[in-house]
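Student: Below, each chain spelled out in residue letters.
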Amino acid sequence: MNARRLIQLALLVAVLIYPFLTLESPVYQRLGALVLLAAIGASAWNIVGGYAGQVSVGHAVFFGIGAYSAVVAFVHADLPPIVGAPLGMLLSVGVAAVIGVPTLRLSGHYFSMATIAVGELVRVLSSTSDWLGGAQGLGGPAMPRTVFDLSFMSAMPYYYIFLAVLAFLLGMTWWIERGRMGFYLRAIKDSERAARSLGVSAGRYKLYAYMLSAAFTSLAGSLYLCMFGFIDPESGFGILLSVKMVVMAALGGAGQLFGPLVGALILVPVEELSNSLLGGEGAGITFVVYGAIIVIIARFLPAGLLSLFERRPTAEKPAVSTANPASGHAD
Amino acid sequence: MVKIVHGAIRAGAALVALAIALPAFAQETVKIGAVYPLSGNSASTGNYAKMAFEMGADIINNGNPELAKIFPLAKGGGLPGLKGAKIQMVIADNQGTPAAGQNQTLRLITEEKVAALICCYQSGITLTASAVAERYGVPFLNAESVAANLTERGFKWFFRTTPVAADFAKAYSTFLKEQQAAGRKVDSIALVHENTEYGNSVSSVISDAFKKDGLNITMNVAYSANSTDVQPQVLQLKEKNPDVVIFVSYTSDAILYAKTMKEVNWKPAILIADDGGFNDPAFTKAMGSVTEGLISRSVFAPGKPGSVPAILDALYKKKTGGDGLDDVSARVLQGFFVVADAINRAGSTDPAKIRDALKATDLKPDQLVAGYDGVKFDDKGQNVLASTLVTQLRNSQYVSVWPKARATDPLVLPYKGW
Chain A
1 MNARRLIQLA LLVAVLIYPF LTLESPVYQR LGALVLLAAI GASAWNIVGG YAGQVSVGHA
61 VFFGIGAYSA VVAFVHADLP PIVGAPLGML LSVGVAAVIG VPTLRLSGHY FSMATIAVGE
121 LVRVLSSTSD WLGGAQGLGG PAMPRTVFDL SFMSAMPYYY IFLAVLAFLL GMTWWIERGR
181 MGFYLRAIKD SERAARSLGV SAGRYKLYAY MLSAAFTSLA GSLYLCMFGF IDPESGFGIL
241 LSVKMVVMAA LGGAGQLFGP LVGALILVPV EELSNSLLGG EGAGITFVVY GAIIVIIARF
301 LPAGLLSLFE RRPTAEKPAV STANPASGHA D
Chain B
1 MVKIVHGAIR AGAALVALAI ALPAFAQETV KIGAVYPLSG NSASTGNYAK MAFEMGADII
61 NNGNPELAKI FPLAKGGGLP GLKGAKIQMV IADNQGTPAA GQNQTLRLIT EEKVAALICC
121 YQSGITLTAS AVAERYGVPF LNAESVAANL TERGFKWFFR TTPVAADFAK AYSTFLKEQQ
181 AAGRKVDSIA LVHENTEYGN SVSSVISDAF KKDGLNITMN VAYSANSTDV QPQVLQLKEK
241 NPDVVIFVSY TSDAILYAKT MKEVNWKPAI LIADDGGFND PAFTKAMGSV TEGLISRSVF
301 APGKPGSVPA ILDALYKKKT GGDGLDDVSA RVLQGFFVVA DAINRAGSTD PAKIRDALKA
361 TDLKPDQLVA GYDGVKFDDK GQNVLASTLV TQLRNSQYVS VWPKARATDP LVLPYKGW
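Same order as they appear, the protein sequences are chains A and B.
Numbering-wise, full-length UniProt numbering puts 90 at position 90 of the first sequence, and it's gapless, one number per residue.
Numbering-wise, full-length UniProt numbering puts 250 at position 250 of the second sequence, and it's gapless, one number per residue.
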């Protein structure tokens with residue numbers, strides 16, 4: 001049991017009991033749930049954008065599909081919104097296949113541009129569909145009918161639901177990362193041509209990653225709908241959503257297991273608190289902060305915040321291995 | 001020694017007495033929350049709303065001698081019903097997103113402990129934010145969202161002062177019936193609307209209302225607001241030559257219609273344009289000279305000098321540095337005064353008492369800044385006296401011409417045009 005383990009254990013306990021620590025403040029309790037929800041979206045993006053290096057800037061398509069599937073289950077079939085979640089995931093996987101087959105052939109920023117185009121197209125189409133509520137959007141249950149509507153006054157149930165989903169997603173990502181597919185994806189990210197020459201079926205694995213990523217982004221959308229109870233084209237398919245997923249993952253460290261979570265832990269509170277403290281002045285300062293963060297990461301930390309903690313151990317490895325590991329990490 | 005102890009006790013007792021007495025003398029404040037779009041697409045509207053709130057609070061807290069003669073809450077010194085408690089507006093930014101709207105509403109309720117909320121401009125945000133207020137049991141007043149379903153959710157804490165599409169349709173229908181009674185021909189009516197959500201929904205509400213009132217819509221023309229040529233539609237109108245034409249349009253298409261009608265040299269006897277593009281300053285600047293006598297709607301018209309709206313309009317111009325109250329800011333300011341009036345009558349910041357006071361609201365037209373017939377809520381929280389003024393374009397400026405009680409200028413028909 002060294003210091004690193006202790007810190008990890010303490011963090012885990014803090015994450016588990018956070019809602020009880022913030023019982024007095026519904027705003028901070030809710031903030032915890034919002035961080036986790038954003039982390040689910042960004043972690044899902046991370047599978048294809050981080051590990052496989054295919055920077056999608058149109059992931060809001062899947063988020064929106066998830067959110068709309070949930071609300072449609074309520075509005076058109078009178079079911080609890082969450083029933084729409086698995087349908088949304090299936091639909092997202094299908095849509096990902098349709099989008100992915102042609103666009104994943106594009107490399108680098110051409111792929112990003114194609115995903116932006118698809119995202120904007122879907123947003124415009126959704127706003128002309130009466131069935132989807134047009135530009136006005138659709139609302140979920142006004143007041144919960146049963147507990148299955150997942151509509152709660154307290155943020156605590158959302159917190160634990162999101163935590164469970166995030167844990168599952170990260171567990172799966174960890175499993176992929178260590179398996180054959182993880183190596184393939186990283187090989188594709190480093191050099192697709194080299195990976196292909198070694199016999200990696202790059203197109204297929206990129207598509208798998210894209211579809212898996214779409215499924216979980218869609219789930220995040222369904223969970224969003226349950227919590228907020230309303231969706232319109234801008235909040236479901238808006239480009240800002242896609243950009244936020246990219247920025248969160250990049251801030252923490254794209255292609256790293258906990259990168260998106262770290263990014264969400266910083267960006268979501270920054271967004272919420274800056275809006276609470278400064279929003280009333282009408283300056284729109286939140287977006288200035290966002291822009292500044294993007295510029296700073298791009299300039300100084302292209303590999304994300306987690307790279308700060310990694311660089312040192314690799315550089316000092318010989319020294320650390322001979323010294324007592326506990327003291328080596330304590331300073 | 002004993003003396004010192006006695007002195008200390010006496011001093012302590014005096015301090016305690018003072019401490020108990022202080023709250024009674026202290027100026028209490030009543031917090032009212034407002035969650036508006038201060039950034040994002042509608043930031044301009046939100047910032048005008050913010051100025052309306054600040055002005056409203058200032059009038060109640062510090063008074064305005066001119067207004068005080070006709071408006072009881074303008075005497076200054078806060079809310080008389082709460083021993084002169086001052087109003088403090090807590091304004092938050094909904095960023096134009098339902099998520100931020102809901103988060104900020106929660107913050108205003110739980111952290112700022114606002115006594116009531118006024119929110120949120122966009123219908124979708126009003127929907128999500130009011131769900132939070134409903135659960136926490138905080139009175140929630142909406143002043144300008146027109147989505148019909150907002151009052152159909154069985155909420156107990158939700159109130160809405162603004163007229164909705166059906167009220168606008170009703171106003172047109174009543175207005176036309178009056179013209180008919182006065183001997184004008186309104187036998188054939190053409191409805192021309194752009195073909196997205198806005199145009200389709202407004203025109204279908206107008207159709208329904210007219211059918212119920214026995215007015216004949218003989219033509220229904222849908223067009224795309226992006227079209228660069230509306231000559232086919234105008235020629236179609238010219239051929240059928242209806243007595244009344246009603247437009248539901250955005251700005252650029254409104255300008256195109258005005259131009260084309262002049263080119264084709266055709267005009268109906270009564271031309272009505274439903275707010276939207278025809279009320280845009282860009283339209284009145286470009287086309288005002290060739291659309292003299294165009295009829296539109298607005299909940300705000302400055303009215304006669306010395307009336308409540310006229311005085312508030314002048315104050316607002318001072319506050320904004322030139323821009324007067326308009327259709328939206330007047331509705332926002334009206335919402336604020338309704339909430340302030342209810343808190344004053346409740347005589348308490350207890351949410352249940354404020355809600356009961358809101359339910360008992362009964363404001364008369366001469367007490368309003370917006371051109372409603374009054375403010376009185378039904379069981380669903382909708383203001384049943386919400387209505388609109390009918391305005392007419394006179395020298396590139398809209399003046400109110402109907403209903404007669406609040407008209408500043410006489411109605412001039414037939415439509416003059418160019």
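Keep in mind that the hints were calculated from the coordinates and are not lab data.
Glycine included, each C-beta is placed from N, C-alpha and C at the ideal position.
Some hints could be false.
[As the list claims (entries may be wrong)] So the derived label-pair ranges between C-beta atoms look like this:
{"id": "1", "chain 1": "B", "residue 1": "Glu-112", "chain 2": "A", "residue 2": "Arg-4", "range": "39 to 47 Å"}
{"id": "2", "chain 1": "A", "residue 1": "Ser-191", "chain 2": "B", "residue 2": "Asp-229", "range": "33 to 41 Å"}
{"id": "3", "chain 1": "A", "residue 1": "Asp-190", "chain 2": "B", "residue 2": "Glu-197", "range": "45 to 53 Å"}
Student: Is it true that A:Ser-191 and B:Asp-229 lie within 33 to 41 Å of each other by Cβ?
Tutor: The hinted range 33 to 41 Å is violated for A:Ser-191 and B:Asp-229, with Cβ atoms some 54 Å apart.
Student: Holds or violated: the 39 to 47 Å window for the beta-carbon distance between B:Glu-112 and A:Arg-4?
Tutor: This hint holds: roughly 42 Å between Cβ atoms.
Student: Falls inside 45 to 53 Å, the C-beta gap from A:Asp-190 to B:Glu-197?
Tutor: For A:Asp-190 and B:Glu-197 the Cβ distance comes to about 48 Å; the hint holds.
Consistency note: the structure conflicts with earlier hint 2 alone.
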